[in-house]
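Those protein sequences? They're chains C and D, same order as listed.
Note that my numbering gives residue 181 to position 155 of the first sequence, counting from 1, and the numbers run on in steps of one.
Note that my numbering gives residue 257 to position 231 of the second sequence, counting from 1, and the numbers run on in steps of one.
Where hints are given, some of them may not hold.
Copies of one chain are not kept apart here, so a pair can be met inside one copy or by any two copies together.
[As the list claims (entries may be wrong)] Below, a list of computed lysine-lysine pairs in the DSS-like style, where the Cα atoms sit at most 27 angstroms apart:
| no. | residue 1 | residue 2 |
| --- | --- | --- |
| 1 | Lys120 | Lys141 |
| 2 | Lys187 | Lys288 |
| 3 | Lys219 | Lys200 |
| 4 | Lys110 | Lys266 |
| 5 | Lys219 | Lys209 |
| 6 | Lys266 | Lys209 |
| 7 | Lys219 | Lys310 |
| 8 | Lys219 | Lys187 |
| 9 | Lys187 | Lys177 |
| 10 | Lys288 | Lys110 |
| 11 | Lys200 | Lys141 |
| 12 | Lys110 | Lys219 |
| 13 | Lys310 | Lys120 |
No lab work stands behind these hints: they were computed from the structure.
2 protein chains.
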Amino acid sequence: MPYRIVFLGTSAGMPTLNRNLPGILLEWDSDLILFDCGEGIQLRFMEYGIGAGRPLRIFVSHMHGDHVLGLPGLLQTFSLLDRKTPVEVYGPSKLEEYIHCIRSTIGLNPTYDLKIFRVDDGRCYDFESYRILCRRVQHGSESYGYRFEEKDRPGVFYTDKAIALGIPRGPLWKRLQLGESIKLDDGRIIEPKDVLGPPRRGFKLAYTGDTIPCRAVEELAEGADILIHEATFTEDLASKATVEGHTTAAQAAYIASRSSVKLLVLTHISARYVTVDALVDEAKRIYSNVVVAEDGLTIELRRMGEEYEYRVVPRI
Amino acid sequence: MPYRIVFLGTSAGMPTLNRNLPGILLEWDSDLILFDCGEGIQLRFMEYGIGAGRPLRIFVSHMHGDHVLGLPGLLQTFSLLDRKTPVEVYGPSKLEEYIHCIRSTIGLNPTYDLKIFRVDDGRCYDFESYRILCRRVQHGSESYGYRFEEKDRPGVFYTDKAIALGIPRGPLWKRLQLGESIKLDDGRIIEPKDVLGPPRRGFKLAYTGDTIPCRAVEELAEGADILIHEATFTEDLASKATVEGHTTAAQAAYIASRSSVKLLVLTHISARYVTVDALVDEAKRIYSNVVVAEDGLTIELRRMGEEYEYRVVPRI
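Turn these sequences into a full structure, and let the hints steer you where they fit.
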């Protein structure tokens, strides 16, 4: 299964002929993690061939329509397809009321277990191979940014070292791989570090949702491989951005530079920008490794030794 | 301004890569009348260049998600565009609760007057140049079909006849055009029929929403120029159609043949039909003047003498 990020929608507020409403999908092995679900996301699942039965967790940044109005249709279409795998939806306090009233007026009738979770500032959800941290950001009454963290894994097991040390293949190898020290029959103690490379650092991704530049975002982004930051406006509209609770491309670049991320992806682009040159230009002056997302942009992830490599693939 | 019908979405239940969720737009001079508003309709407005500030009445057939989930996004985008013209939305009893809960959880914040009307079986809404009749149809708990009727207009005023009869140009002509008899100075009584052609019959359009074949639809369709009938399935799935509250193409054709409509348009096509040949074939055996709608299909309307002519224009 792939490890990749797919930008399903990259507009702000309203769709344009080129940009759909927000939705960013992280495919993590068999799991799907969807950040926000604007109107039309169910159609993007079809367009991009995303399996409708795969395990899915949806993290909603905030309750503005452009970020959540695709949720009912997606959940309903899953029912029409007779989905059985549970769906988990995480979001602000109003999320449950929203889903409840949709169910009572439209009747979603889920054929699967639909679980709603209310997130809080600082809460961390722990899953098998990753965790997701929620931080309150500054936009409207209740908005969250998220950090996806793959759990660190033990380092590479060097079989040649194990053989050279005379450790018999089998359960002892397994214990060393799990980080335990072992004692051989001849009395020697073998430490994991004797046969393992350095721990393999997990992949880290931060997503801001909508926000003005804020400390919580810097914390979410600290040391992340990729920071997906909203950049609704350019610097000439900095005041408008602040008043409306948004970030400029330059401000996002500044956050990226302070947070030691490897790649900054700007998204949530105002409909006023027919081309993204102005956004790219002002961001690059502050932080060079930046791309402005477009619908269909895919970032393929591949572990190479201790680190992840990524490859940015524009929509074909 | 144009007189035309534009099919913005023609799928059933869920979208496909070729068919969006239901929405049928009647452009009647400057007015827009939208029947149903599935997810994604706001984007269709952009794609087809439908002015976002034009007077708009939306008639919702029923509260299933595929027919109403585009409503919040459309209404919200109007606000982002600072619309000032009122929007009227007509539909079943749950419509008001639906809009209310969307407002309380998402916050539509309309910049215009948003009026919600609860329709009833047999109710007729009277507007300046047309009226819309609502009839309860048989699908789910509360579903409606609609009939648009342009009001009949007085016949053509034959100026040559008026001049030959020695009627002085001016107010007397106007009174005759409005259907009043007049008395000339020489004592002669002139009746409207002496100078007017036969009354010009108004355009009539029936739309079923979702339903099994039923008497109410026949009444809505009686003598209509165009009947837009749902045809979710073909005859081989007639039992499924009945159980799920839908109509087959053959059944819709039968209704059309009994109702003396001029053109039957089938819509709300199940995703299972990759081509529509089977639907067309079975309908044509019963009623020859039928087309299966596709997204973007447009029917241009033009008055020719006493009748309307229509021209079916596939999407370019």
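Hints and how they fare:
1. For the identical chains of this complex, Lys120 and Lys141 are neighbours both inside a copy (14 angstroms) and across copies (25 angstroms), given an alpha-carbon limit of 27 angstroms.
2. In this assembly of identical chains, the alpha carbons of Lys187 and Lys288 never lie at most 27 angstroms apart, being 33 angstroms within a copy and 85 angstroms across copies at closest.
3. In this homomeric assembly, Lys219 and Lys200 come within 27 angstroms of each other (Cα to Cα) only inside a single copy, at 14 angstroms, whereas the closest approach across copies is 102 angstroms.
4. Taking CA atoms no more than 27 angstroms apart as the test, Lys110 paired with Lys266 passes between copies only; the shortest distance there is 22 angstroms, against 45 angstroms inside one copy.
5. Taking CA atoms no more than 27 angstroms apart as the test, Lys219 paired with Lys209 passes inside one copy only; the shortest distance there is 14 angstroms, against 114 angstroms between copies.
6. When the C-alpha separation of Lys266 and Lys209 is checked against a cutoff of 27 angstroms, the pair qualifies neither within a copy, at 66 angstroms, nor between copies, at 69 angstroms.
7. With identical chains, the CA atoms of Lys219 and Lys310 are never at most 27 angstroms apart, being 41 angstroms at best within one copy and 78 angstroms at best between copies.
8. Taking the closest pair of Cα atoms, Lys219 and Lys187 come within 27 angstroms of each other only inside a single copy of the chain (11 angstroms); across copies the shortest separation is 109 angstroms, beyond that limit.
9. With identical chains, the CA atoms of Lys187 and Lys177 are at most 27 angstroms apart within one copy only, with a shortest distance of 25 angstroms there and 91 angstroms across copies.
10. In the homo-oligomer, the alpha carbons of Lys288 and Lys110 never lie at most 27 angstroms apart, since the shortest distance is 38 angstroms inside one protomer and 46 angstroms across protomers.
11. For the identical chains of this complex, Lys200 and Lys141 are neighbours neither inside a copy (36 angstroms) nor across copies (68 angstroms), given an alpha-carbon limit of 27 angstroms.
12. Taking the closest pair of Cα atoms, Lys110 and Lys219 never come within 27 angstroms of each other, the shortest separation being 44 angstroms inside a single copy and 70 angstroms across copies.
13. Proximity of Lys310 and Lys120 under a CA criterion of 27 angstroms is satisfied in neither setting, with 37 angstroms inside one chain copy and 51 angstroms between copies.
In the structure shown, a violation is registered for the earlier hints numbered 2, 6, 7, 10, 11, 12 and 13, in ascending order.
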